[in-house]
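Asks: Residues per chain are reported as follows:
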Amino acid sequence: DTGVSQDPRHKITKRGQNVTFRCDPISEHNRLYWYRQTLGQGPEFLTYFQNEAQLEKSRLLSDRFSAERPKGSFSTLEIQRTEQGDSAMYLCASSFSDGYGYTFGSGTRLTVV
Amino acid sequence: DQQVKQNSPSLSVQEGRISILNCDYTNSMFDYFLWYKKYPAEGPTFLISISSIKDKNEDGRFTVFLNKSAKHLSLHIVPSQPGDSAVYFCAASAPTQGGSEKLVFGKGTKLTVNP
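Residue numbers (this note's numbering), protein chains in the order written: chain A, 32 to 144; chain B, 36 to 150.
Okay, chain A solo, but in the shape it has when bound (with noise of 0.2 Å):
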């Protein structure tokens, strides 16, 4: 196993473009997390799964997000009709129940322009 995994590393979309991320956790980790870093900051929560289940969502995750984690596995971050404030690193991180210490991919980096 080689950590957690995202794809694309880069994504360079145009204003009003839907985008979506896609990242696997560590394969025994049954937690997963998106958080996003903007420019000067440090990451901010998302959303949480636990399972399939999306049992946590943050107010920054507004109704132009969706994530979703179909059989427990994968996971996929969607943005619609992006905006320039959208303009983030995007990063996935994963976990075994007990949550803490989890493991951080290596983000997607999302450009809106």
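To be clear, the hints were calculated from the coordinates, so they are not data collected in a lab. Please note: incorrect hints may appear among the correct ones.
Said to hold, decoys possible - Here are the computed lysine to aspartate or glutamate pairs in the EDC-like style, where the Cα-Cα straight-line distance is at most 16 Å: (1) LYS40/B - GLU87/A; (2) LYS91/B - ASP66/B; (3) LYS142/B - GLU75/A; (4) LYS89/B - ASP119/B; (5) LYS88/A - GLU75/A; (6) LYS137/B - GLU75/A; (7) LYS137/B - GLU87/A; (8) LYS103/B - ASP66/B; (9) LYS102/A - ASP55/A; (10) LYS42/A - ASP117/A.
Unchecked claim - Covered stretches of chain A, as calculated for chain B (at least 3 residues, CB under 8 Å): (11) 47 to 53; (12) 134 to 140.
Claimed, not checked - Label-pair restraints from in silico Cβ distances: (13) GLY118/B - GLN72/A: 18 to 26 Å; (14) ARG53/A - ASN102/B: 38 to 46 Å; (15) THR44/A - ASN102/B: 41 to 49 Å.
C-beta atoms are modelled at their ideal positions from N, C-alpha and C, and glycine is treated no differently.
Given chain A's structure and the hints, the job is docking chain B onto it.
Replies: Chain B in isolation, oriented as in the chain A frame:
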């Protein structure tokens, strides 16, 4: 409002000396604290953590100290090495209704260790 604060955006130290990175928090519900290290173009890497029931945790060159009454924690790196140059994030966790251990991060401190 920022619940986890790292007031020093950057820190520069000489190789072999001690690096001390500081972090303050405001939420008294936080019960677990972590430090992450981040290199450019990579995700954060877990470094060391401490539970609120302890005041010190040590792992090799890294030691984290927690002062609950002051709502302050610090990371000590001794001796500092050039490979330690990275951005260090302080993070804290509190129990949530959904059962996640979601983390609240500070803005990070960029450490530069000069040879």
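Asks: Next pair to validate is LYS89/B with ASP119/B; report whether the Cα-Cα distance is within 16 Å.
Replies: 25 Å, violated
Asks: Between LYS142/B and GLU75/A, does the CA-CA distance stay at or below 16 Å?
Replies: 10 Å, holds
Asks: Can you confirm whether the C-alpha distance between LYS137/B and GLU87/A stays at or below 16 Å?
Replies: Holds, at about 9 Å.
Asks: Do the Cβ positions of THR44/A and ASN102/B conform to the proposed distance bound of 41 to 49 Å?
Replies: About 45 Å separates the Cβ atoms of THR44/A and ASN102/B, which means 41 to 49 Å holds.
Asks: Can the restraint linking LYS42/A and ASP117/A be considered satisfied, given a maximum Cα separation of 16 Å?
Replies: Given pair LYS42/A, ASP117/A holds - Cα atoms ~12 Å apart, limit 16 Å.
Asks: Hey, LYS88/A versus GLU75/A, does the alpha-carbon distance stay inside 16 Å?
Replies: 11 Å, holds
Asks: Keeping to a limit of 16 Å between CA atoms, is the pair of LYS102/A and ASP55/A held or broken?
Replies: With Cα atoms ~12 Å apart, LYS102/A and ASP55/A stay inside 16 Å; holds.
Asks: The hint says 38 to 46 Å between ARG53/A and ASN102/B; measuring C-beta to C-beta, is that right?
Replies: With a Cβ separation near 42 Å, ARG53/A and ASN102/B satisfy 38 to 46 Å, so the hint holds.
Asks: If you look at each residue in the stretch 134 to 140 of chain A, do at least three have a Cβ nearer than 8 Å to any Cβ of chain B?
Replies: holds (count 5)
Asks: Does LYS40/B pair with GLU87/A here, judged by a C-alpha cut-off of 16 Å?
Replies: Between LYS40/B and GLU87/A the Cα gap is close to 24 Å, so the pair fails against 16 Å, i.e. violated.
Asks: CA of LYS91/B to CA of ASP66/B, is that 16 Å or under?
Replies: Within the cut-off at roughly 14 Å; holds.
Asks: Hinted pair, alpha-carbon criterion (16 Å max): LYS103/B, ASP66/B. Please report holds or violated.
Replies: 10 Å, holds
When held up to the earlier numbered hints, the structure conflicts with 1, 4 and 11 and fits the remainder.
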